[in-house]
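Trainee: Here is what each chain is made of, one letter per residue.
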Amino acid sequence: MSSMASERNLQPALDAIRVKFLASLETRLAELDALTTMIKSGDKGSRVWEEVRLRVHRIAGVAGSLGFPALGARSARLDTAIEQYIAEPSSADEATILAALDDLLDDIDAILEDGN
Amino acid sequence: MRILAVDDDPIILELVTTVLSDAGYEDVVTAGSAEQAMTVISTVERPFECFLLDILMPGIDGVALCGEIRANPLYRATPILMVSRLDEKHHFDRAFAAGASDYVTKPFDATEFRVRLGLAEQMQRQQAQLAAAQHGKPDREKPRLSEAFMLDDVPFSIANHALESYLQGVPGGVGGMQCFALKLANAVEIHRKASGNDYEFVINSLADAVTEVLAGANYFISHSGNGVISFVVHGAIDMTEEEVARAVMTEVGMLDLRLADGSQVSPDVVVGSSSVSRLTSRSARIATMREAVMNAEGIADAVAGGKIVLQEQPRDSLLDRLFGGLAA
Chain A
1 MSSMASERNL QPALDAIRVK FLASLETRLA ELDALTTMIK SGDKGSRVWE EVRLRVHRIA
61 GVAGSLGFPA LGARSARLDT AIEQYIAEPS SADEATILAA LDDLLDDIDA ILEDGN
Chain B
1 MRILAVDDDP IILELVTTVL SDAGYEDVVT AGSAEQAMTV ISTVERPFEC FLLDILMPGI
61 DGVALCGEIR ANPLYRATPI LMVSRLDEKH HFDRAFAAGA SDYVTKPFDA TEFRVRLGLA
121 EQMQRQQAQL AAAQHGKPDR EKPRLSEAFM LDDVPFSIAN HALESYLQGV PGGVGGMQCF
181 ALKLANAVEI HRKASGNDYE FVINSLADAV TEVLAGANYF ISHSGNGVIS FVVHGAIDMT
241 EEEVARAVMT EVGMLDLRLA DGSQVSPDVV VGSSSVSRLT SRSARIATMR EAVMNAEGIA
301 DAVAGGKIVL QEQPRDSLLD RLFGGLAA
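Here the protein sequences come in this chain order: A and B.
Under the UniProt record's numbering, think of the first position of the first sequence as 1, with each following residue one higher.
Under the UniProt record's numbering, think of the first position of the second sequence as 1, with each following residue one higher.
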């Protein structure tokens with residue numbers, strides 16, 4: 001969000017929101033992890049995928065604005081893939097989407113470990 | 001400007017509030033769901049002047065909320081901005097059909113945010129001035145000829161500004177778009193004769209004639225001022241551009257329009273068109289609509305200049321000449 005960063009008084013407020021976002025990532029990761037486990041253990045109802053999508057969508061909506069463009073872009077791609085998969089399950093391979101979801105969880109993990 | 005921002009993620013709401021505050025908008029109320037937003041809207045003492053709605057939310061989504069807000073007479077013309085990622089623009093057809101005025105994209109960009117909010121504020125101010133001007137008057141004041149007033153109760157009608165935003169924001173995809181402009185060639189004369197809301201009645205009747213032809217198709221229609229009605233057909237339609245234009249002119253020809261004093265008016269209309277692929281750039285899509293308007297206005301000017309006579313020849317012959325170009 002470079003153009004945002006250039007605004008005079010905005011950066012301190014954005015930094016504070018960024019800290020809150022980082023703090024929330026742990027909960028988001030845990031929730032997504034639990035939902036992924038449910039799917040892998042055989043709960044393949046579309047409701048579970050909708051819950052996954054909602055969480056991925058939220059990350060996609062905010063990450064890019066808070067200085068995590070790669071996380072934002074990966075989440076956005078996954079969000080779109082899940083949306084299509086829910087609408088038409090035959091349009092995609094669930095294993096591929098699960099692999100992409102695992103990659104996203106790894107990204108979040110790395111950001112949390114990095115601490116910034 | 002009093003704003004209601006709706007999003008199911010509290011961090012996004014905090015971000016939106018911060019960005020709005022930085023842009024000078026401090027009077028902001030937030031809601032974490034569409035359901036909560038509807039409660040806030042129904043209980044608030046001072047009405048909102050602008051809405052910012054996330055599209056995807058659990059339960060009632062942002063598009064459905066947009067429709068609910070638009071159905072409230074108090075918010076019939078209030079700016080509603082949808083908040084969307086750039087790659088989510090495939091929801092735009094639904095959002096604009098539900099009454100959205102414009103959109104802002106995520107990740108947020110300060111400049112874009114200011115521009116979009118500035119446009120919304122300008123739109124809101126015009127609506128407020130219009131409402132104030134009409135307050136206490138038994139009959140609505142006749143709009144200026146150039147005023148792009150909203151069509152009344154016409155299916156898929158949107159504000160002229162929203163039509164432009166739609167053309168700018170609509171995503172690429174399969175299927176093209178056909179842009180049309182209906183020009184009321186004798187708008188000046190009819191506007192001069194009209195009193196009260198007669199002129200709006202004529203424009204709305206012409207728009208209704210267009211919607212009769214487009215029944216079953218996907219389209220948006222808008223009044224652009226100066227006797228021009230712009231409409232864009234998106235998605236499949238089983239008529240060519242020329243067939244649409246001919247059908248509209250035939251439909252208009254069957255209208256029996258009478259002003260409040262009982263006098264009959266005969267609208268002289270021409271229809272210009274231009275088509276474009278959704279894959280072209282947004283500026284190309286805007287240019288295509290302008291081309292359709294210029295096409296219609298060019299023919300109308302020719303009519304006014306006596307190069308083409310609308311009333312004194314068989315309809316089919318006239319249409320052939322119109323579509324054959326001014327040199328025909």
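Hints are not guaranteed to be accurate.
Stated by the list, open to error - Simulated DEER-style distance windows between Cβ atoms:
(1) Thr27(A) / Thr43(B): 25 to 35 angstroms
(2) Ser91(A) / Gln168(B): 25 to 35 angstroms
(3) Ser46(A) / Pro73(B): 48 to 58 angstroms
(4) Ala110(A) / Gly216(B): 31 to 41 angstroms
(5) Glu50(A) / Gly262(B): 55 to 65 angstroms
(6) Ser91(A) / Gln264(B): 27 to 37 angstroms
(7) Asp238(B) / Glu113(A): 53 to 63 angstroms
(8) Ser91(A) / Arg258(B): 49 to 59 angstroms
(9) Arg77(A) / Pro10(B): 22 to 32 angstroms
(10) Asp103(A) / Glu242(B): 49 to 59 angstroms
(11) Gly32(B) / Ala110(A): 26 to 36 angstroms
(12) Glu189(B) / Glu50(A): 26 to 36 angstroms
(13) Met239(B) / Gln84(A): 27 to 37 angstroms
(14) Gln129(B) / Leu105(A): 31 to 41 angstroms
None of these hints come from the bench; they were simulated from the model.
The beta-carbon is built from N, C-alpha and C at its ideal position, and this holds for glycine as well.
Trainee: Would you mind marking each hint as holding or not holding in the structure?
Mentor: So, going through the hints one by one against the coordinates:
At roughly 31 angstroms, the beta carbons of Thr27(A) and Thr43(B) sit within the given window of 25 to 35 angstroms. A beta carbon spacing of about 29 angstroms between Ser91(A) and Gln168(B) agrees with the range 25 to 35 angstroms that was offered as a hint. Distance hint for Ser46(A) and Pro73(B): a CB-CB separation of about 38 angstroms, inconsistent with the stated range 48 to 58 angstroms. At roughly 52 angstroms, the beta-carbon separation of Ala110(A) and Gly216(B) lies outside the given 31 to 41 angstroms, and the hint is violated.
Distance hint check for Glu50(A) and Gly262(B): the Cβ-Cβ separation is about 59 angstroms, which falls inside the suggested range of 55 to 65 angstroms. Ser91(A) and Gln264(B) have their C-beta atoms about 57 angstroms apart, which leaves the hinted 27 to 37 angstroms range violated. For the pair Asp238(B) and Glu113(A), the supplied restraint of 53 to 63 angstroms holds, since their beta-carbon distance comes to about 58 angstroms. Remark: the range hint 49 to 59 angstroms for Ser91(A) to Arg258(B) is upheld by a beta-carbon distance near 55 angstroms.
Distance hint check for Arg77(A) and Pro10(B): the Cβ-Cβ separation is about 24 angstroms, which falls inside the suggested range of 22 to 32 angstroms. A hinted range of 49 to 59 angstroms holds for the C-beta pair Asp103(A) and Glu242(B), which are about 52 angstroms apart. In this structure the hint that Gly32(B) and Ala110(A) lie 26 to 36 angstroms apart at CB holds, the actual value being about 29 angstroms. Distance hint check: the CB atoms of Glu189(B) and Glu50(A) are about 58 angstroms apart, inconsistent with the given range 26 to 36 angstroms.
Hint check: Met239(B) to Gln84(A), Cβ distance near 31 angstroms, so the stated range 27 to 37 angstroms holds. The supplied range of 31 to 41 angstroms is broken by Gln129(B) and Leu105(A), whose beta-carbon atoms lie about 53 angstroms from each other.
The earlier numbered hints that this structure contradicts are 3, 4, 6, 12 and 14.
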